[in-house]
Amino acid sequence: MDYSIKIGGEAGQGIQTIGDVLARVFARSGYHVFTDQEYQSRIRGGHNFYRIRLSDVPVRAPKRQPDILIALDRASIALHMPEMRDEGIIVYDPDMLKQQFDGPSFLDIPFLTLATETGAGRIAANTVATGAVLGMLGFALEQLFDIMDIILRKKDEDIRKRNRLAAQAGRDHAVASCKRCSFTLKAAGPPKMLLGGNEAIGLGTLAGGCRFYSAYPMTPSTGIMIYVGTKAHEYGVVVEQAEDEIAAINMALGASYAGVRSMTGTSGGGFALMAEGLSLAAMTETPVVIALAQRPGPATGLPTGTEQADLFFALHSGHGEFPRIIFAPGDPEQAIRLTAKAFDLTQKYQVPAIIMTDQYLADTQWTFDRISLDGIPMRDYRADAGEVDRLDEYMRHAFTESGISPFAVPGKTRHVVVTDSDEHTEAGHIIEDAGIRTRMVEKRLFRKMGSIRAEMAPPAYFGPPAPGTVLISWGSTYGIVREAAEELAANRVGMLHFSEIYPLPGNDAFDYAGLLNGAARTICIENNATSQFARLLEAETGHRVTDRVTRYDGRPWVLEELLEELRGRT
Amino acid sequence: MAERDKYQGGVPAWCPGCGNFAILRAFKEALAEENIEPGEFCIVSGIGQAGKFPHYVRCNTFNGLHGRSLPVATGIKLANHDMLVMAVGGDGDMYGEGGNHLMHAMRRNIGIKVFVHDNQIYGLTKGQASPTSMEGMVTKVQPFGVFSGQFNPMAMAVSLDCGFVARGYAGDHEHLKGLIRQAIRHPGFSLVDILQPCVSFNKVNTYEWYAQRVYDVGDGHDPTDRGRSFVKALEWGDRIPIGIIYRNDRRSFESRIPVLNKGTLIDHVIDWETLKKKLAETLHEFY
Chain V
1 MDYSIKIGGE AGQGIQTIGD VLARVFARSG YHVFTDQEYQ SRIRGGHNFY
51 RIRLSDVPVR APKRQPDILI ALDRASIALH MPEMRDEGII VYDPDMLKQQ
101 FDGPSFLDIP FLTLATETGA GRIAANTVAT GAVLGMLGFA LEQLFDIMDI
151 ILRKKDEDIR KRNRLAAQAG RDHAVASCKR CSFTLKAAGP PKMLLGGNEA
201 IGLGTLAGGC RFYSAYPMTP STGIMIYVGT KAHEYGVVVE QAEDEIAAIN
251 MALGASYAGV RSMTGTSGGG FALMAEGLSL AAMTETPVVI ALAQRPGPAT
301 GLPTGTEQAD LFFALHSGHG EFPRIIFAPG DPEQAIRLTA KAFDLTQKYQ
351 VPAIIMTDQY LADTQWTFDR ISLDGIPMRD YRADAGEVDR LDEYMRHAFT
401 ESGISPFAVP GKTRHVVVTD SDEHTEAGHI IEDAGIRTRM VEKRLFRKMG
451 SIRAEMAPPA YFGPPAPGTV LISWGSTYGI VREAAEELAA NRVGMLHFSE
501 IYPLPGNDAF DYAGLLNGAA RTICIENNAT SQFARLLEAE TGHRVTDRVT
551 RYDGRPWVLE ELLEELRGRT
Chain P
1001 MAERDKYQGG VPAWCPGCGN FAILRAFKEA LAEENIEPGE FCIVSGIGQA
1051 GKFPHYVRCN TFNGLHGRSL PVATGIKLAN HDMLVMAVGG DGDMYGEGGN
1101 HLMHAMRRNI GIKVFVHDNQ IYGLTKGQAS PTSMEGMVTK VQPFGVFSGQ
1151 FNPMAMAVSL DCGFVARGYA GDHEHLKGLI RQAIRHPGFS LVDILQPCVS
1201 FNKVNTYEWY AQRVYDVGDG HDPTDRGRSF VKALEWGDRI PIGIIYRNDR
1251 RSFESRIPVL NKGTLIDHVI DWETLKKKLA ETLHEFY
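Protein sequence lines correspond, in order, to chains V and P.
In terms of the working numbering, the first sequence is residues 1 to 570.
In terms of the working numbering, the second sequence is residues 1001 to 1287.
If we strip away everything but chain V, and leave its shape as in the complex, we get (with noise of 0.2 Å):
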């Protein structure tokens, strides 16, 4: 079993509340749920989709043709019919498309009318269209109403009731007219989470402990601070929005000297504001993490599309030398868990950590059974105030065999604390000396090097022992290269997927490079037209892949165009 539905219209028609309706009351029927969305960069009009997977078995990525096409507008019709499954039923209502669609494929449900008749008013036509779909699938409307309890809890049991009686009577007219639907519904498992990729970085902000979050709005970025936002009061968390992507870095940065958790997020036009501001957490050893949400440049680009262009950009974003972290989750729970786990290097390290993502991951959804904090990295590494006030001399960058110092909270001692965005001392006080500017390079850039490294988990490889070839991907492409890579099996096709980007691993836990070496055919998958990670792949390990797939329109693969790019190739 393995259905895809399609809902299109334009922007403010409600379709992502119809979309995340429905993904809900799949995941919590238990069965495995994949979302993904294409929208423009306008409030109202244009075309959008929301796209919904569902399935038996784990589902990771979108799939072309849909059985099920919710069509709220027009050009619904006239863009995604073509790409129907031959038995596939688009379902609409005349009234609304204000013209009747002929042909075996068509289902006419009456959403306004009806909508009107239950006295929920035409606002209530989604909900129409939501029983309805769920009706043409087989599935009751209890957990639609336990769902619809919930968004409308603010409304008086009057309005929940006729919205009831609208899901019902779209449910009853799909269930009496629909000739043609055939789905079966394979048993479900117990219910399970839908989680989305902001969400999950907000999750992850929330589980590393983070006490400020300092950003200016910017997609696909925004839904992290909007989550974040919600919960603040509950995690104690500040959250302010900058009046641009420079002050909301530097107030991370006044925040984490401060000695609290700090992160900000942005996409690549607000990270490139933030440039300056990575320099300064590297040069005063103040820990941050930023989240940078990718979508296609150069600068506007494409506002709401995707890509993973920025990768280089992150690499060497800021001047002069100095350590980062990179993390680029592949789902949800990877995003939680590098979210998490960037705090706890950024700290412990104190070298700025980003997390990246792109508008594909941000606004995915996906199921899990449960999701375990269990082995989060939970540690205060400021440095004790009883500690640091016995010393005779505190000094914030003092030279140390790790090259970390220790973190002193400012007010909290006798001492003071001092950090400098110039060259300075171990106290934190400007120089120009030629001596400790050279040992401060060691102590910042090569000391702690060695050590963040070997805390980079090695990528996660799925296929035979060895395989014949290999697909690598990163970041956002895990779920739909984990797909192909299944489907290719027979044909000795193995996986890898890095999330935990710079460093790379070394080879100790994981021999990936001779994995690579000793497969025949190497293809590295990316969303970017210049194969950027396959070049950082080379340059640390000397691995030089043998193909490179790229995509730059904006838009992820779906399993099929995936397929189709690596036929003949494996």
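Treat the hints as calculated values from the structure; they're not laboratory data.
Glycine residues also receive a C-beta, built at the ideal position from the N, C-alpha and C atoms.
Just so you know, not all the hints are guaranteed correct.
[Claimed, not checked] Subject to a maximum C-alpha distance of 27 Å in a straight line, what follows is the list of computed DSS-like cross-link-like pairs (lysine-lysine):
| # | chain 1 | residue 1 | chain 2 | residue 2 |
| --- | --- | --- | --- | --- |
| 1 | P | Lys1276 | V | Lys231 |
| 2 | V | Lys154 | V | Lys98 |
| 3 | P | Lys1276 | V | Lys348 |
| 4 | P | Lys1203 | P | Lys1126 |
| 5 | V | Lys348 | P | Lys1277 |
| 6 | P | Lys1203 | V | Lys231 |
| 7 | V | Lys231 | V | Lys155 |
[What the hints assert, rightly or not] Computed Cβ-Cβ distance ranges for the label pairs, DEER-style:
| # | chain 1 | residue 1 | chain 2 | residue 2 | range |
| --- | --- | --- | --- | --- | --- |
| 8 | V | His319 | P | Val1138 | 29 to 35 Å |
| 9 | V | Leu391 | P | Arg1228 | 52 to 58 Å |
| 10 | V | Ile150 | P | Lys1262 | 43 to 49 Å |
| 11 | P | Lys1140 | V | Asp384 | 51 to 57 Å |
| 12 | V | Thr230 | P | Asp1225 | 41 to 47 Å |
| 13 | P | Phe1147 | V | Glu387 | 54 to 60 Å |
[Said to hold, decoys possible] Pulled a few chain P residues facing chain V out of the computed Cβ check, cut under 10 Å:
| # | residue |
| --- | --- |
| 14 | Gly1010 |
| 15 | Gly1064 |
| 16 | Thr1074 |
| 17 | Lys1126 |
| 18 | Phe1144 |
| 19 | Gly1145 |
| 20 | Arg1185 |
| 21 | Pro1187 |
| 22 | Lys1262 |
Using the hints provided, position chain P relative to the given structure of chain V.
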């Protein structure tokens, strides 16, 4: 005054005769008179001759980037609102590179005290025009004189309803010290613009030039009257007012954040077991 020795910092790298020395002395004396210990306050600075200021005062110091002292100070204040957080910079740093941050820090009315060493010239880069350079001032970069209008920090501050707006003069020690003390005591955002001759590069706005023009607004001016304060803020030329131009009692930003009512963020001790339980409950919301 021996009390101020406890604030003894490094040896200043300023030019002999620089107005900064007078500001440094007034600042240390003001702190001593307010009984503030070196570990109890933090100075954030950016780049420029004034940016070096905290290295010459024993204190918690974040000497950050050009123009960026206010966002850093904002982060520090929100992390530890019990700490006295001050920002020091020059006219280029605060009014040029950092102008956007200044505007929004005033809007927030966050309890940061800002002291601007305003010498109407760029010193560190050796003599280019600054936002407060007067129209017509000739420099190597502006050989036909400055064409842009002179930035008026006092008028901008009053128009943005800034909590505390004052102008001091490096040549009037007691008056300046008094302003610094009052700025520190003000609970919201304080801006003190300090007129200060640059003996190396500004040959127009000299000690003599200022001495002929500055006057104390005195008791005759009511700094709580915003309209009259705005008129006062516009004054520049033959007569230049110093003193408290404007003040109000707007609530400070940090006092309005409910999370901070329970104490400072740095004192929110993270109990990992509690956090883990809370997170497990939050994860349950996704079923």
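Notebook entry, point to check: Do the alpha carbons of Lys154(V) and Lys98(V) lie within 27 Å of each other, as the hint requires?
Noted result: Violated: Lys154(V) and Lys98(V) sit about 33 Å apart, past 27 Å.
**Asked** Per the hint of 41 to 47 Å, is the separation of the Cβ atoms of Thr230(V) and Asp1225(P) within bounds?
**Response** holds, 42 Å
Hint validation: Lys1262(P) versus chain V, beta carbon distance must be below 10 Å. Holds or violated?
Where the cut-off is 10 Å and the nearest Cβ of chain V is about 7 Å from Lys1262(P), the hint holds.
Legend entry - Per-residue hint verdict: Gly1010(P), partner chain V, C-beta under 10 Å: Nearest chain V Cβ about 6 Å off; hint holds.
_chain V contact restraint for Phe1144(P) - C-beta distance below 10 Å_ = Hint violated; Phe1144(P) Cβ to chain V Cβ min 32 Å, cut 10 Å.
Distance restraint between Lys231(V) and Lys155(V), which requires alpha-carbon spacing of 27 Å or less
holds, 23 Å
Practice task
Verify the proposed pairing of Lys1203(P) with Lys231(V), using a straight-line Cα cut of 27 Å.
Solution key: violated, 56 Å
Falls inside 29 to 35 Å, the C-beta gap from His319(V) to Val1138(P)? With a Cβ separation near 33 Å, His319(V) and Val1138(P) satisfy 29 to 35 Å, so the hint holds.
*Mind checking the alpha carbons of Lys1276(P) and Lys348(V) for me, to see if they're no more than 27 Å apart?*
holds, 20 Å
- If you check the beta carbons of Phe1147(P) and Glu387(V), does the distance land in 54 to 60 Å? holds, 58 Å
| request: Classify the hint on Gly1145(P) as holds or violated, based on whether any CB of chain V lies nearer than 10 Å to its CB. | output: Where the cut-off is 10 Å and the nearest Cβ of chain V is about 31 Å from Gly1145(P), the hint is violated.
Outcome of range test on Cβ distance (Ile150(V), Lys1262(P); 43 to 49 Å)
This hint is violated: roughly 29 Å between Cβ atoms.
In terms of the numbered hints stated before, the structure departs from hints 2, 6, 10, 17, 18, 19, 20, 21, listed from lowest to highest.
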